[in-house]
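Protein chains in written order, with our numbering: chain A, 1 to 482; chain B, 1 to 104.
I should point out that these hints are in silico values taken from the structure, not numbers from a laboratory.
Here the structure is a predicted model, which means the values were calculated and not measured.
Partial list, derived from the structure: chain A residues whose beta carbon lies under 7 Å from chain B:
no., residue
1, Val50
2, Leu79
3, Ala83
4, Pro417
5, Met418
Coverage of chain B stretches by chain A, computed from C-beta distances (three or more under 8 Å per stretch; other residues unrestricted):
no., segment
6, 30 to 38
7, 73 to 79
Counterexamples of contact, computed for chain A against chain B with all Cβ distances above 10 Å:
no., residue
8, Val236
9, Gln240
10, Leu254
11, Leu339
Every residue, glycine too, gets a C-beta built ideally from N, C-alpha and C.
Residue-level listing of the chains:
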Amino acid sequence: MSLFAGPTRFEPASWEFLPFRFERIDGRVLLTNMVGEHVVLGPSEFDDLVARRLEPQSPTLRRLRGKHIVRASGEQLPLDLLAMKVRTKYRRLPEFTGLHMFVVTLRCEHSCAYCQVSRQNADVGEFDMSEGTALRALELVFQSPSHAIKIEFQGGETLLNFPMIQFIVETAERMNETAGREIQFVIATNLALLDDDVIDFCRLHDIFLSTSLDGPRDLHNRNRPRPGGDSWERAVAGIQRIREELGTHRVSALMTTTEASLGRAADIVDAYVAEGLQSVFLRPLSPYGFAVKTRAHSAYDVDRWLSFYASGLDYIVDLNRRGLPIMEQYAAVILRKMLTNDDPGYVDLMSPAGIGIAAVVYNYDGTVYASDEGRMLAEMGDSTFRIGDLATDSYEDIFLSDALLSPLEASFAGSVPMCTDCAYEPWCGSDPVFHHATQGDSVGHKALSAFHRRNAGVFRLLLDRLESDPFARSTFRKWANP
Amino acid sequence: MSGPSMERAVVLLDADAHSSDAIQRAAYRLADRCSLQLTREGTNFHCALHYPDAADPQIIREFEIAVNDEVLRERIRDETRDVRNLVLALAFANTTLVQDTDEP
Chain A
1 MSLFAGPTRF
11 EPASWEFLPF
21 RFERIDGRVL
31 LTNMVGEHVV
41 LGPSEFDDLV
51 ARRLEPQSPT
61 LRRLRGKHIV
71 RASGEQLPLD
81 LLAMKVRTKY
91 RRLPEFTGLH
101 MFVVTLRCEH
111 SCAYCQVSRQ
121 NADVGEFDMS
131 EGTALRALEL
141 VFQSPSHAIK
151 IEFQGGETLL
161 NFPMIQFIVE
171 TAERMNETAG
181 REIQFVIATN
191 LALLDDDVID
201 FCRLHDIFLS
211 TSLDGPRDLH
221 NRNRPRPGGD
231 SWERAVAGIQ
241 RIREELGTHR
251 VSALMTTTEA
261 SLGRAADIVD
271 AYVAEGLQSV
281 FLRPLSPYGF
291 AVKTRAHSAY
301 DVDRWLSFYA
311 SGLDYIVDLN
321 RRGLPIMEQY
331 AAVILRKMLT
341 NDDPGYVDLM
351 SPAGIGIAAV
361 VYNYDGTVYA
371 SDEGRMLAEM
381 GDSTFRIGDL
391 ATDSYEDIFL
401 SDALLSPLEA
411 SFAGSVPMCT
421 DCAYEPWCGS
431 DPVFHHATQG
441 DSVGHKALSA
451 FHRRNAGVFR
461 LLLDRLESDP
471 FARSTFRKWA
481 NP
Chain B
1 MSGPSMERAV
11 VLLDADAHSS
21 DAIQRAAYRL
31 ADRCSLQLTR
41 EGTNFHCALH
51 YPDAADPQII
61 REFEIAVNDE
71 VLRERIRDET
81 RDVRNLVLAL
91 AFANTTLVQD
101 TDEP
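Same shape as in the complex, but just chain A (with noise of 0.2 Å):
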């Protein structure tokens, strides 16, 4: 007599769909669950599915059981897992705002045609958030209920008014003595001004940096001109100073993808490589600020940044596979959402979208925005995603405004259009900024969109890759599980 009963025991007299959405990709059918975990299927296997022919004993049952897209007749338990991953997917949304963004000056050094800022010469003090601005934006800060704050400093060039970084850290480090948060800094800057009191007040603070690395010298002094033409040599010289004097840890990069970018991936790729980072971000270049007046942005079209991306991919998958650890951060961001059920909270890939809820922007004039994009705009003179000004209103008028709530609720892709039918749309999101600037409309028609042709190319080549590489599976596992 066995002590264990064997596998019939627990296969299924009748099974049930589960909710689930598929989309047809290469003669092959992708399925998704309600939290994204995912099966891809043979068209015979699907037609097998759907007219409801698969036998209890078949292995493409047992996977799709494993992956709740369907449930044996009555089964209680699978609704059980369903339900606590559906809480653990959505799991930020009561945290509300961790992310708070300021802007300590328009003023830049740089005059980078793709700049998304609309940035203002280095020398009109106008520009300045005053002290006055960023207590009031401090207030609000602490009034948001999460419990992990990370405050981000955006500029134009935020060393320019490196005191009111100074002032704004220090404020906060005296106000969270009593507000008790996990609070953490960041400084978005081009490191051409970083010097020793830059370093020792962000070792003294534990701040991070944040800066821009095109790629190799040539193509980052083209994309990026200042006075001199040296802007890769200071951006490497500062990435250098920092992994040496602070840690390498406390250093990241981040690139945008001109024309002049477009064949280079590996270049790009191998600076990353040589400057000791671990990770890079293949980010395509938004429709806002000088990008949209130089007409930067529409240099070139979705299809080519999509084949840029997919030779990047391809050469950070094999530079892994011959022991270098570099990852590429969009794709370990998709895969988080494709292979857990978590959810990173990355602004632009949320639903309902992070404007506002998850990211908010306190701008050098006291205007509050719903995003950076958001800011970008309005800097173009659309200001539709301001949704508030620290001089006249308050948390709830600003938090509970019509200019957030409207496109939030709108643009939930759970109700969109396509989207709610979209098999991708567990990692996918909603992007209002992109939509409204893009299409005049902050849902916006996905069949016409840049944001859903750039994800859905980017999800079919992880899938590929997922599929069709044994190596890529792994690394990518790693990604999605840092």
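Dock chain B against the given chain A, drawing on the hints supplied.
Relative to chain A, chain B alone:
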């Protein structure tokens, strides 16, 4: 000044087997390549597809596949609606996100 010339193709679909909602959802997905004029003619839906000439020979077949997929999605939605609502109710039952209905 005239606009670009357009092709027109007609697909007839049995109204008992296809809902207008499924047909419209399929057309929405293909809106970057064609537009739909939908009318009811007796027991059929008359689907007039307009698309740029000679640019898209596959569009009719893709429209038909898209309609069938939307019919299937409709069936899955209907079959699983109660379970979906139950899972969401279980998920959010004990969170601060749920407001009692008798609160103002």
